[in-house]
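Protein chains in written order, with the working numbering: chain D, 1 to 288; chain S, 1 to 453; chain W, 1 to 359.
Don't read these hints as lab results, they were simulated from the structure. Be careful, since some hints might not be right.
To be verified - Heads up, incomplete: computed chain S residues facing chain W, CB under 8 Å, no partners named: (1) G6; (2) L34; (3) L37; (4) I44; (5) L74; (6) W112; (7) D114; (8) I121; (9) T123; (10) G125; (11) E127; (12) P150; (13) E153; (14) S215; (15) G423.
Unchecked claim - Derived lysine-lysine pairs resembling DSS-like cross-links, with alpha carbons at most 25 Å apart: (16) D:K118 with S:K284; (17) W:K291 with S:K449; (18) S:K132 with W:K232; (19) S:K232 with D:K118; (20) S:K307 with D:K56; (21) D:K118 with S:K339.
To be verified - Not close to chain D: a few residues of chain S, all C-beta gaps over 12 Å, as computed: (22) W323; (23) W389; (24) L404; (25) K449.
Where a beta carbon is used, it is the ideal one built from N, C-alpha and C, also for glycine.
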Amino acid sequence: MTYFLHFLLSGLYIGTIYSIIALGMVIIYKSTKVFNFAQGHLLMVGVLLTATIGSKFGVIGGLVIGFLGTAFLGFLLERLTLRPLIGQPLIAALLMTIAIGYLLEGGAIMAWGEGLYKYIELFPAKAVLLGKFPVRQEILWAFIVVIVSFSLFGLFYRKTLLGKAMRATAEDHQVSQSLGIRVARIFSISWVVSGMMAFIASVFLGNLSGGHYLNYALGLKAIPAVLVGGLDSIVGAIIGGLIVGVIESLVTGYLTAELGEVIPFIVLLLVLLVKPHGLFGLVRIERV
Amino acid sequence: MAKKIGIIKEVGEKINGGLKKRRERRKYMKRNFLVALCLSVVFILILSSSAIYAQSTPKAKEKEKFGIAFLGDLTGPLGFWNAPRLVGIQDAAEYLNKHHGGIANREIFLEWADTKSKIDIATSGYERLKAKKFPVWHTCGTGEQQMLKPRYEEDRSQVIFTCSTSPGVIYPPGYVFGTAAYYPDEWGLFFDWLVETWDFKKMGRGPKVAILTYSSGYGKACITDELFAYAKKKGIEIVDTIFVPFVVVDAATPLLKAKKAGADWCFGQWIYQSVPPFLIENQKLDLGLKFAVNTFGVDDVMITMAKEASIGLTGITNWTLPWENTTGMKIIRETLEKKFRRPEDRGASYILGWMNTWQTKMVVEQTLKRVGKWEKVTPAELRKTAETWKKVDINGLGIMEYGLNQRGVTESKIVQVQKVKVGDKEELRWVALTDMRKVPRLVPPEWEKPLPY
Amino acid sequence: MATRPAGVYDVTYQQDIAVVRTLPQWISLFIFLCFLAVFPILFPNRYLLNLVNTILIFIISAYGLNILTGYAGQISVGHAAFMGVGAYACATFMTSLRLSFWISLPLSGITAGLVGILFGFPSLRLKGFYLAMTTIAAQFIITSFFLHFYKPEVLGGVKFLSGVTLKPIQLGTITFNTQENLYYLIMPCTVIMTFFARNLVRSRLGRAFVAIRDNDLAAEIMGISLFHYKLKAFFIGCFFAGISGAIYIAFMRIIRPDQYTLMDSIWILGILIIGGLGSHLGPIFGVIFVKLLDEVALLFAPALGKMLPAALSSRIGASMGLVIFGFIVVLFLILEPRGIAHRWEILKGRFRHWPFTYG
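Work out the full structure: start from the sequences and follow the hints.
And the structure:
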């Protein structure tokens, strides 16, 4: 029984990380209709920045600079590489994010080398005991962070004027432009927010595996999480991430690890066959 | 009403005018940039074709220098292992050029090619480097080596010192030489030691081990039938085989799986980047599992990354430990200090780079002494020289042993990370638990036949 | 549409859809084919031939994806996995069933096509982006299958080796194990498959694919059965991929499960986009451009590394290769998102209606 709880707990932990990454992708997709393959690379830059600056300027300095750096990188990417592609076929924008990923990977190796960087010590090593069951501190923190960030973002998205502008842009670019919302600015803002989300996820990733240029692989692993929940649904990002994380962990634990790697994609296929737009995605009516 | 129409018209013209201007500007900008792009495409084509031709003609003046080729993955998943190795080879070449005049008075220079762990890039890198006719190469990466081995043995154009002692790479014995024991042999030695130090009476049963390794060619190199049969013979039960990815995201689940299967020890073909998360997770969850690594895991970086959690990590090696005071290690330590290398860069692969360069120097100089002239120093002669090495000490960095059908060493020792008192401080370091002992030979017999010269 | 050479106009339907129209075009085609035939004799450089062989193999694969994504509009980001299916099918036929390579080549294409149909079923319910995601799922599932669940003993390999080495192909007394021999194996296959692809899109099938791409609901209403044609598109696209994969393992003489990654699939799609999606010469341009760019980046990396001190040389040199590659692709996408083939058409048009700027 305890093994089941252990697997469930690590599944929820990895699921929360997936859902934060998924939220970043969903924000970008909702506003710009571009799927960001470089989300994992933003994570990688966040981890490396925080690890290197944190070892010189302390934990707080590392976190602040990592946060600002990742957000700024998101802004830069949108402005320089995706702004010219407005109006071009979407497949070009897709390839652009992939090429950005390559650039970021090469740039990370150039700047930080191929070695492993020790991440800053944020969570104490001792596990908290709930009854007789040891729960690692990061897991509690991950839950708290996810709940807080999702609720903050939800509040921002629903109540503030800027959030409403983002929702309008997500519906239809031309209508919002004609209503006076500067759509290009909304694109920048959504990329910046996505960068912030990538940074939050990178804190937990760095804690798990240290600063390393291969961290971008996590972005690819989060793709099933995004799609299961639905590409344009924020609630779907949480639920999709948690479902995928838990299923992956349980299958890895009870069956084999190889099956555990592939099961998120099988789940993705099944979900898409039943609900073609994801569990919570918006169903669009097509007109000929 | 008319006022509203007027305002809308005004706004419309403003937007339209601005857009039109921007469109025109963009068109001219686009045309100029497109011309530039076409020219750059043509330029790239010319550059590439000239570069291709440049590769094929060996330059005459390179005869006065000695070139070493390096073929390995520098930006892919194994980049973090190969990049320090390349730096090690370069530092060693610099040191040899300065203090020993290079190899037999020829200055050493290095040519490298990146394989990115992909076989098509590896093949084209191989073809490119082959055209330069270097007699000694250093390579790494089990997957690509297994793929290129038939070509190495067909072409017979170089002797290769490689870092993977996997099946299909150094066996069947040919032009490829390893720097450690054959991987299954190492684990055989580990099993020997485990059974010797196991308290059968207290535990009431034999030891149970779980294999926790990568799913790549390197990771699977220890999963051979002979090793399993040997484990059974020794009374060790292999309870589970769990594959983990290169970049560890979830360390708890594989460990819990191993614990659930009842394992006491986890072993696998790891390198420094994956082990610290497992060690730390083991400590946090208090699972009590013990870990074992092979020669390439006996690395100071493990200790730097995992600190207290790395106590008890066991390894098998035939190399000198990094803190020992042999000549070779002292030179390496001085160089590291002089060049301000980070602690994370001072790992086993850096030492391996030095070791390979010393090996190259020794094998070339010995062959030159034997055959007399540089023109006679062919890969076949180099291979014959290397095969005569019996327990040769590579400048205090490790003991190498080759033979007619031997491409890996026959002796290794068991080492472990422990807290020792050095002077008046307590330090974590690798400590030898046994002397150099003979490893069991777990090579399938049909693989021991040497390939032709 | 493209401008015609002056004085060339069509009177019959055959002329309208003809690929080669005038006598000079026929002559230049003939000269080009002769050039291809004697290429290894003119340039016996092994490295160059290796590169050309790789390019030829990927041209076949790119044509397959061009038919699937460019003409039929079904975005597939799993093409490399179908190449893997073809490779494994070919290896299994050759080793376990002991068929000769020449029989197992088309059979492996058909196997890959059938697997493509299996993973193409979601296309009947999904469109655009979500379909691309199911093909990503197909990519991972197929790769995992070969990595973990396909026993190498079936291929005559040993348990612990992740790759299985295969014997070179024989045809009578000729063994295909040098670059020249392999060139003469690969080049006819590429020419045949290109011819096949080019003629496919001129036929009724091709027109149905284009109709589905432009508006599939309207196509269904017009009487084009989406069910049949979408699955046929997947079959043909994956057939090409399977053939390409089978030839690839004949070329490499080893089969490994971890060579067909998501990045390879994405790059084949990227090659198509750079070359021009849905155009006739797009795959060829794209493959040549990207592969040459890759080689130049790889050549450039050590050259740059030599100029730097030891600690930085591999770090900056090797990553510069990645950066250059990504940077040129980014530039390309910003400046010409419709691909090289589009620029080629414009260039040809410029020559045809010179000295006018348009005609």
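Okay, the hints, checked on the actual structure:
1. G6: With a minimum Cβ separation of about 38 Å from chain W (threshold 8 Å), the hint on G6 of chain S is violated.
2. L34: Status holds, d = 6 Å.
3. L37: holds, 6 Å
4. I44: Nearest chain W Cβ about 6 Å off; hint holds.
5. L74: holds, 4 Å
6. W112: Status holds, d = 5 Å.
7. D114: With a closest approach of 5 Å, the D114 of chain S hint holds.
8. I121: holds, 7 Å
9. T123: holds, 6 Å
10. G125: holds, 7 Å
11. E127: Nearest chain W Cβ about 4 Å off; hint holds.
12. P150: At 6 Å from the nearest chain W Cβ, P150 of chain S passes the 8 Å test, so the hint holds.
13. E153: Violated, because the Cβ-Cβ distance from E153 of chain S to chain W comes to roughly 11 Å (cut-off 8 Å).
14. S215: holds, 6 Å
15. G423: With a closest approach of 30 Å, the G423 of chain S hint is violated.
16. D:K118 with S:K284: Measuring from Cα to Cα gives roughly 17 Å; hence the hint holds.
17. W:K291 with S:K449: Measuring from Cα to Cα gives roughly 40 Å; hence the hint is violated.
18. S:K132 with W:K232: This hinted pair is violated, its Cα atoms lying about 49 Å apart.
19. S:K232 with D:K118: Distance ~40 Å between K232 of chain S and K118 of chain D Cα, so the pair is violated.
20. S:K307 with D:K56: Between K307 of chain S and K56 of chain D the Cα gap is close to 19 Å, so the pair holds against 25 Å.
21. D:K118 with S:K339: Judged against 25 Å, a Cα distance of about 21 Å means the pair holds.
22. W323: About 21 Å separates W323 of chain S from the closest Cβ of chain D, which puts it past 12 Å; holds.
23. W389: Fine: 32 Å to the nearest Cβ keeps W389 of chain S off the interface.
24. L404: holds, 38 Å
25. K449: holds, 34 Å
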